[in-house]
Amino acid sequence: MLHFYQEILGCILERELTELGLLQLRAGSSLIDIVPVDSELGRLGGGPPRQDGRNLEHFCLTLENLDEQQLLEFLRHHDIPASEMAVRYGAGGFSNSVYINDPEGNVVELKLQP
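Residue numbers for the sequence shown follow the working numbering, so the first one is 6 and each next one is one higher.
Check the hints yourself; a few may be wrong.
What the hints assert, rightly or not - Beta-carbon label-pair distances, calculated as ranges:
hint: 1; residue 1: His63; residue 2: Arg31; range: 15 to 25 Å
hint: 2; residue 1: Gly110; residue 2: Arg31; range: 17 to 27 Å
hint: 3; residue 1: Arg48; residue 2: Asp72; range: 34 to 44 Å
What the hints contain is simulated information worked out from the structure, not anything from laboratory work. We treat Cβ as the ideally placed atom computed from N, Cα and C, and that holds for glycine.
Work the whole structure out from these sequences, hints included.
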């Protein structure tokens, strides 16, 4: 998981609380908390993502200084399957985005800055 979020998505490991099983990754001005389901914190919540259910529908990262072609080429280069590029609405309004899955099956929307 760390490889995907750090090396592929460019997040920075900001804090690691191993006794709780918490990794906090910086993504711009946001934090992504990674909590394994078998950790102390993880056991307080639900189970891992499955085909019939997840704890999270998806989350979105807005990407700056990339165009559609650059994003799709980057994902192909790293062998990351992606949904079709489409205009979708979110916190920043309408813009092009794709959906990908992290190594554990969590859905990540990558949205180009409008």
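These are the hints, each one checked on the structure:
1. His63 x Arg31: 15 to 25 Å: Holds: the Cβ-Cβ distance is about 19 Å, inside 15 to 25 Å.
2. Gly110 x Arg31: 17 to 27 Å: Between Gly110 and Arg31, where Cβ atoms are some 23 Å apart, the hint holds.
3. Arg48 x Asp72: 34 to 44 Å: Because 43 Å falls inside the window, the suggested range holds.
Figure legend: structure checked against the earlier numbered hints; every hint is met.
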